[in-house]
Structures are given as structure tokens and as C-alpha cells.
Amino acid sequence: MTGFQEYFGETHNMVRQTAKKFVEREILPFVDEWEEQGGFPRDLYKKAGDAGILGIGYPEAYGGSGGDIFVKIACSEELMRCGSAGVAAGLGSLDISIPPILALGTEDQKQKFVPPVLKGDKISALGVTEPNAGSDVANIRTKAVRSDGHYLVNGSKMFITSGARANQLSCAVRTGGEGHQGISFLVIESDTPGYSVSEKLKKMGWWASDTAQIFFDDCKVPVANLLGREGQGFYGIMQNFQSERLQLSVMANMTARMALEESMKYAREREAFGKTLTGFQVTRHKLVDMATLVEASHEFVYRVAAKIDAGMDQVKEISMAKNFACEVSDKVTYDAVQIHGGFGYMREYLVERLYRDNRILSIGGGTQEIMKEIISKFILT
Amino acid sequence: MNIIVCLKQVPDTETQIKVASDSKSIVTDDVKWVMNPYDEFGVEEALRLKEKFGGEVTVVGLGPKRVTESIRTALAMGADKGILISDDALEGSDSLAVAKALAAAIKELEYDLIFTGQRGVDDDLGIVGAACAELLGIPQMSIIVKVEVAEDGKTVKVTRPVEGENLVIESSLPALITTQKGLNEPRYASLPGIMKAKKKPLEEKTLSDLGLDAAGFGEGGRKMKIVELTPPPARAAGKIVEGETPQEKAAELAKLLHDEAKVI
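In the order they appear, the protein sequences are chains L and Z.
Residues 1 to 381 (the working numbering) are what the first sequence spells out, left to right.
Residues 382 to 645 (the working numbering) are what the second sequence spells out, left to right.
Honestly, the hints are just simulated from the structure, not real lab data.
Please note: incorrect hints may appear among the correct ones.
The list that follows gives simulated cross-link-like pairs (lysine to any residue, SDA-like), each with its CA atoms no further than 20 Å apart [to be verified]:
| hint | chain 1 | residue 1 | chain 2 | residue 2 |
| --- | --- | --- | --- | --- |
| 1 | Z | K446 | L | N13 |
| 2 | Z | K577 | L | S135 |
| 3 | Z | K581 | Z | V502 |
| 4 | Z | K405 | Z | K577 |
| 5 | Z | K579 | L | F70 |
Computed spacing ranges between beta-carbons, pair by pair [said to hold, decoys possible]:
| hint | chain 1 | residue 1 | chain 2 | residue 2 | range |
| --- | --- | --- | --- | --- | --- |
| 6 | L | A61 | Z | V400 | 51 to 59 Å |
| 7 | L | E36 | Z | K580 | 55 to 63 Å |
| 8 | L | G342 | Z | E529 | 29 to 37 Å |
| 9 | L | R165 | Z | L610 | 50 to 58 Å |
| 10 | L | K275 | Z | P614 | 20 to 28 Å |
| 11 | Z | K606 | L | Q338 | 45 to 53 Å |
| 12 | Z | I508 | L | E269 | 34 to 42 Å |
We put the beta carbon where it would ideally sit given N, CA and C, even for glycine.
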């Protein structure tokens, strides 16, 4: 193949095959059960670690497998193919919690907190959002007061993906005054005295991932667990957002793609008024519109990813890509359920789950509205 | 212990197979190609034996350039080197011709054991393994689910399931084993493995490199001709067994199985 730039080559295809096999063998046979149960077994982390899947995109020095951004994307796309974004999000909670450690941590901290997670021995989560601070990150109130080689942490973290059973939390806390300059990052281990976890929160979607509230009550965290310097936390959070938004864009694209594929399959088989749904122009055109959006969103996200991989700053573009991908998956999952009619409202059909799982994507990792505020600053000032 | 694994590339089992307009081949445009799943068992078993006894695992594949990707997957799993037999004259060869080419390539290597899949999941013929062993003049044990090589590495004991029982066969080495599902669970090709595989030797050989005359290969050399390919018949609508009580339903079901389905 010549004449145009292809994002995925032989290495990417081979990684894709590995991830696909992993999904077929370890996830697909059980995924419906896990969805209904509201969780997947902990040993799935170990299995994914052993297969080298968790380490993709991380340096080999910390037990990672290396690889460029498209290796990561190929793997994420195949994990999404299990049909449960909850499983993908649960396995993927390290992708939002390990980067701050790598960006801000010392060599000792990296060696201590990264390899066990990439191996699947420990579960890592990110703690930024609080009951009263979501989009308004600079307003977080969880306080960490330094005394005698420790931080005494008080407060709580909300909607923490993998929070119910995480062993460590990359956690934003307030060590200084008001505003974003007062925020620092601590790695808080779950066995620290004063650390407690709520029941699993019941959610609209992502049923297979455990989400929880985490409480700190005079939680005594060693100063050695401070990432970077005091006051660098906000920088760590912002650093993280670019890759988190890319991940969410990929999730939105795959959600839309699967909804499209399911709809095409259904429309070819389902008969109404004596012909298949594809016999109706209204359905054909709907499917064409869905396919066009899915295609455009994939290309957009890949393009932005390629630029991120080349080291270019893509804050504006990835914010646009995330919003675009989420709007596409909002529309495509809606239409997919519509094409399926009553069956699309039934749990037996994948589109029902895709429709529910999709809803969080335009909220997590920065809401649509916050994305627009970010973009507007780039294009209007 | 040096082990050879023969590898075929086949359409991914999820691929929607379409018969081409000539009615004798399939449309390959949208086909995704993967390592024959039975061959994957062979790669895994070879790697386990290598881990125990040392030695080298060589993967021998045959087909167009794209087969390289499957050979690299085997290398990424841990095999040491690969050979791709690739020649335009091979296009359209039957199983016997394929076995001839494989045997010619294998003859030049040192080996104690050869693994092939018990069949390719595309043609479902199951000929290549047996023909290859015959051409090499070594014992062949087919459809094997358990392989135990003696501590001294001189003999092998294998298990083949037969009608719910197990047949245990012992053989001297070198020998050829065709693998069956249940033999093992193949490992994943990890990304570091994939990166390492790029540096492992992968040799390409033509028929003339193997000292073979192209005339015996390809469409012209076929002893077996494909007359026609037809897709399986579309599944007919199911039937709901009527009846007031379970007894009535069972009687009706038995009647249908006997009279209509003719299976009892």
C-alpha cells in the first residue's frame, strides 16, 4: 500500500490480534454475567498484566511494554469490542492514574508504584473529583496537612473508577491555599489508616466497573508519597487530561462503531411490511449517516493522536475530537436503539448497553461544556 | 531439542466467507488472515518443550508474502526463526504439493519433532501433516491432545482421544505430531515479544531454492481439483413443538425427530 499515510502497521495489527484473542478468551464468554453482577473478577487484571496488555504504552523500565500511541489505540479498540465499556474502563483505570506518577514522581516512587500495577498485581485509581468539585478542579477541598513526616488527609473523593478495590489512589489534595496553586498529588495506599471506601455506587452504565466514593479521616500518608513538589498537582491533573480525552474519544468511537455494526446486522435481517429494514430508504439513509459520522470521527481522532505522538501540543484539537466523538456516539447509539425498536430497549441486545454506557463519555474526563470553554480560549483570544 | 512447526495462514474464523464468481474459490478482498488455530497449538507445545529441553523452534510457513505476519506472530510468541516458502508457482497448489515443498524445506534442517495442525480450518482436509511425514520417512501421530517427551529426549508418548477413550501411542524421534484442540492454551504474543520478533531471522525461499521443479506445483500440478464451492444452505425457520403436557410434547418431538429430521 502506498500513496497515503496509514496509522496502523504490522506491529499494530499483531498487538490488535493479541488483544482480540484476550477478549475472546478471557472476557466475551463471561461479559454478560459480569454486567449483571456489576463487576468482573480481580484476576482479570493479572491475566491482562501477564498478556502484556496493561503495560502497553509504558516504559519497559517500569515493567511496561513500550509502543507508540497507535499500539495503545489498537489495544483499546479491541478491549472495547468486548461490548462492555465498564470492563474496559475498569481495566483502564491505570491509564489515568499512572501517568501522574510517571510525570511527577521520583525514580523510587515510579519503581514502587508502577510495576505492580502494570503486572496486574495491584489496582490503581485516580482521585480528583469530589462531591463538590468536578469540572471546577481548582476548587477541590480534600485537605492534606503536613506534620512529622506525614500528611494528615481529610476529605473525600467521588465517582472513583476502580475505587471500590483500588490498592492505590493517585490523589489530588489541597496542601496550600485557595485555587489551583494549592493543589498537590499524593499516592495514597488503600491500607493507610483512615482510608475507607463506600459501597459500590449504582450507575446508569459501566455496570461491570466498580465506582466508589473514598473517604479520608485523618488518613496518615507518608511525605515520601508526595508526587513532585507541593503545588504541582494542578499541572499533573492537566497533563493527564490530554491522554484521558484521547482514551475517551477512542471509547466513544468504538461505542458508535459497534452500535452501527449491530444496526446494520439487524437491519439486514429484520423484516417489516414484507421486506428487510434495509429495503426502506429511511433506514438505509439513517445507516449511511451513522456510518459517515463514525468514519469521520475515527479519522479525526487518529489524526490528532498522530500529532500527539509526534510531540505536538493538541489540547484544543483533542478537546474538539472528544466532543465530536461523543456527539457522534450520542447520535449513533440513539439511532441504533431506534432501528432496533423494542428489541433495542431490551438488555439482551448490545445496543441497549451501548446506549447506557455511552452517556458518561461526554461527562467524564472533562464535560462537553468544559471542552468548549477550553476550545473557545484557543480560538477567541 | 530442535522443533519445527508448520504454519498455514487462514481466514479469521469470524470472516464472512463469500464464494467467488468462478464458484471454485472465495473472495479474498475483505478477508482478515490469521495463523491456523491448530498450528497455534503446535507453536505453544514446541515452546513448552523448548523451555524444558532447550534447543530451537523453527516455524515454516508457505504462501504469499502476507504469511510473514503469522510467522512473525509465532516468533513473537517465542519461536527462534522462521522460513517462508513463497513462490508465484505455488498459487493454487493442492495439499500434496504443499507437503512436498514443506518437506523439502524441512529436510535441510535438524529436527527432533515436527508439529502441524491436525487440519487447516479453511479447507478442512488434514492431509499436509500425514503427507509431510511420509515424504520425510518419519512416524506420524495425528489429532493429539497430550505430548510427553521422555527425559532423555529420545522418545515421545502422545494421547489421541478416540470415541471418548484415550489411545496412547509411543514413538521414537524424530516424528511428526498433528495437534488437536485441548493440547494446550497458546500464549499471547506480547508487545515486547512482537518487537523482539522483528530482529529474529526470517528467511524466504523459492521452489528453486529448495531444488524443486515448479512444474509439479500450482493449478497444473493438482491431483485433486475443486469442482464447486457452495455456501451452506440458509437455516430454515425453527419449529415449535405443540402439545398440552410435557408427555405430549415429548412424544411429538420424538415423532418429528424420527419422521422429519430422520435422526432417530
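Here is how each hint holds up against the structure:
Simply put, Z/K446 and L/N13 have alpha-carbon atoms about 15 Å apart, close enough for the 20 Å limit, and the pair holds. With a CA separation close to 43 Å, the supplied pair Z/K577 and L/S135 exceeds the 20 Å bound. Taking the CA atoms of Z/K581 and Z/V502, the gap is near 28 Å; set against the 20 Å cutoff, the hint is violated. Among the hinted pairs, Z/K405 with Z/K577 is inconsistent with the structure: their alpha-carbon atoms are about 40 Å apart, more than 20 Å.
For the hint linking Z/K579 to L/F70, the alpha-carbon distance of about 18 Å falls within 20 Å, and the restraint holds. A hinted range of 51 to 59 Å holds for the C-beta pair L/A61 and Z/V400, which are about 52 Å apart. Hint check: L/E36 to Z/K580, Cβ distance near 46 Å, so the stated range 55 to 63 Å is violated. A beta carbon spacing of about 56 Å between L/G342 and Z/E529 contradicts the range 29 to 37 Å that was offered as a hint.
At about 52 Å, the beta-carbon gap between L/R165 and Z/L610 stays in the expected band of 50 to 58 Å. Taking the beta carbon of each, L/K275 and Z/P614 are about 22 Å apart, inside 20 to 28 Å as hinted. For the pair Z/K606 and L/Q338, the beta carbons lie near 51 Å from each other, so the given range of 45 to 53 Å is met. At about 37 Å, the CB distance of Z/I508 to L/E269 agrees with the hint of 34 to 42 Å.
Consistency note: the structure conflicts with the earlier hints numbered 2, 3, 4, 7, 8.
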